[in-house]
Amino acid sequence: MAPAERKIPAPKINPETAGFWSAASEGRLVIGRCRACNEAHFYPRSICPFCFSDNTILETAVGKGTIYSFSIMRRVPVPYVMAYVTLEEGPTMMSNIGDCDPEAVRIGQAVQLIFKPSDGGPPVPMFRCG
Amino acid sequence: MSIKGKAYIAGIYEHPTRKADEQSLSQLHAEVARGALTDAGLTKNDVDGYFCAGDAPGLGPLSMADYMGLKLRHVDSTDTGGSSYIVHVAHAAEAIALGKCRVALITLAGRPRAEGGGPGLNLKSELFPEGQFELPFGPAIVNIYAMCAMRHMHEFGTTAEQLAWVKVAASHHAQHNAHAMLREVVTVADVVNSPLIADPIRRLDCCVVSDGGGAIVMTTPEIARGLKRPKVRVVGGGESVKHQMGGRIDLTFSGARWSGPRAFSEAGVTPADIKYASIYDSFTITVLMALEDLGFCDKGKGGAFVADGNLISGIGKLPFNTDGGGLCNNHPGNRGGMTKVIEAVRQLRGEAHPKVQVRNCDLALAHGTGGSLGTRHGSATIILEREG
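Protein chains in written order, with the working numbering: chain A, 1 to 130; chain B, 1001 to 1388.
Bear in mind the hints are in silico, worked out from the structure with no lab data behind them.
The reader is advised that the hints may include incorrect statements.
[To be verified] Using 25 Å as the maximum straight-line C-alpha spacing, the simulated SDA-like pairs for lysine to any residue come out as follows: (1) A/Lys7 - B/Gly1117; (2) B/Lys1019 - A/Lys64; (3) B/Lys1301 - A/Arg106; (4) A/Lys7 - B/Ser1372; (5) B/Lys1299 - A/Ile107; (6) B/Lys1299 - A/Arg106; (7) A/Lys64 - B/Gly1138; (8) B/Lys1231 - B/Gln1357; (9) A/Lys12 - B/Lys1100; (10) A/Lys64 - B/Arg1248; (11) A/Lys116 - B/Leu1135; (12) A/Lys12 - B/Met1245; (13) B/Lys1006 - B/Ile1274; (14) A/Lys12 - B/Gly1246; (15) A/Lys12 - B/Glu1134; (16) B/Lys1100 - B/Gly1041.
Note that the structure is a prediction, hence the values are computed from the model and not measured.
Hey, can you work out the whole structure from these sequences and the hints?
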């Protein structure tokens, strides 16, 4: 029997973040990029958290990264793997590792972008091993 | 300008309840306020500065000043999670040093058990900016702290057994505290054999959930001199906020790396001078990382530092949380900073339990990590000194 899936709460979208979630609906993960200092940031925002320029854009990430840290949440009806994933573009983001054996997850492992449906909202970016 | 020696902690009170079914939240705040004022030998009418955080009901200082009938000329409702009350001590010292108030009252209360809630940040607003980028993934406090522990183990070889020693030390102290929720002495084996909650954190790596609260009364050197209680003064304070740094996440250190040196520098002392340390212990990893970042040992050596009873009063080099801390005693409102200050003051007064009282305890540190260690947290460090 396949394990039940955890119900993923829908993100609460606001005008500033609509672009991020419409990209997610198209299967793209976007990060923030500042045109003034050229630094990438996550989560994306209108004002660059490094140089405070308002000249920021959304940039599509290639969807590859490595696991910076993780934890298997066990004392819940459907265990899941919480993780910080460092993207190829630089920033590290919170996510889940799905579609793989939680016991096999390791720090430093290569992961690839997947999307999982949320409960009444856009799909959310997660990662699978390999 | 420095706060060194400009303000005194004149009164402390820790609420004895651990489950407040019969009290309201405002009542708990007022009860601890009464207790601390009685301890100081001052009255409600002496209070002209009031400090509270997000645990206070309604509009915080407005609602509580109304409830308690306070006449104020200085208020501060800084909220940095469980570290707030340590920030408040430093802020109250600043206000007293500047003459903005003469008697400052700080209160904390909470009743998560009576309300049937578990641990967690009480983030009611859907508007906080990071929410939509985190909540879909199920952050639950414990698994965020767990990622810090996991990374610490990966980078520095820290072991589950070393983390367990933090809990073992707390339990050694809690056995002497009649109010402590968990008074049974536990072993390293007990901790590492307790159920995994979120790898690598096990049940006994976690603090308790409790109701209760505490209060602190602070005042000027002149007023303190006229009071009967032992004199404890603030000699240094530091605060910081650590966050995700725009995605440059580094879980190997905490905000103590910044708040600690500020406090030590203001006090003009070093970690080696500290006789007793209260360290906010939401989880065992919280203590281990704070000890490294405060400079009690080198980065990455926290595991070796806490092992073999080094934090146990009478046995180790750095007695910590001699009331049993959050791991064993209490964690009122899921906010542990207040009780950290209170036990440090007890130690400096020589009023800790005789079995855990540190001999000639003339210099103590209280440190708090509020919010969530692996996402955003407020870090606060104060150094307190016994006079005479």
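message: Hint check: B/Lys1006 vs B/Ile1274, CA-CA at most 25 Å. Holds or violated?
response: holds (20 Å)
- request: Take a quick look at whether A/Lys64 and B/Arg1248 sit within 25 Å of each other, Cα to Cα.
  value: Judged against 25 Å, a Cα distance of about 17 Å means the pair holds.
- request: Could you grab the alpha-carbon distance between B/Lys1299 and A/Ile107 and see if it respects the 25 Å cut-off?
  value: holds (20 Å)
field: Pairwise hint evaluation, B/Gly1138 against A/Lys64, where the allowed Cα distance is 25 Å at most
entry: holds (22 Å)
message: So if I understand the rule, the pair passes when the alpha-carbon distance is 25 Å or less; does B/Lys1100 with B/Gly1041 pass?
response: holds (21 Å)
- request: Would you check the hint for B/Lys1231 and B/Gln1357, treating anything up to 25 Å between C-alpha atoms as holding?
  value: Satisfied, since the Cα-Cα distance of roughly 17 Å is no more than 25 Å.
query: Given the hinted pair B/Lys1019 and A/Lys64, is their alpha-carbon gap at most 25 Å?
result: violated (48 Å)
field: 25 Å limit on alpha-carbon distance, applied to hinted pair A/Lys7 and B/Ser1372
entry: holds (23 Å)
query: Regarding the pair A/Lys12 and B/Gly1246, is the alpha-carbon distance no greater than 25 Å?
result: holds (20 Å)
query: Does the alpha-carbon distance linking A/Lys116 and B/Leu1135 stay inside the 25 Å limit?
result: holds (14 Å)
- request: Please work out if B/Lys1301 and A/Arg106 have their alpha carbons no farther apart than 25 Å.
  value: holds (23 Å)
- prompt: Given the hint that A/Lys12 pairs with B/Glu1134, does the C-alpha gap stay at or below 25 Å?
  reply: holds (11 Å)
Checked against the numbered hints above, the structure breaks hints 2, 9 and satisfies the rest.
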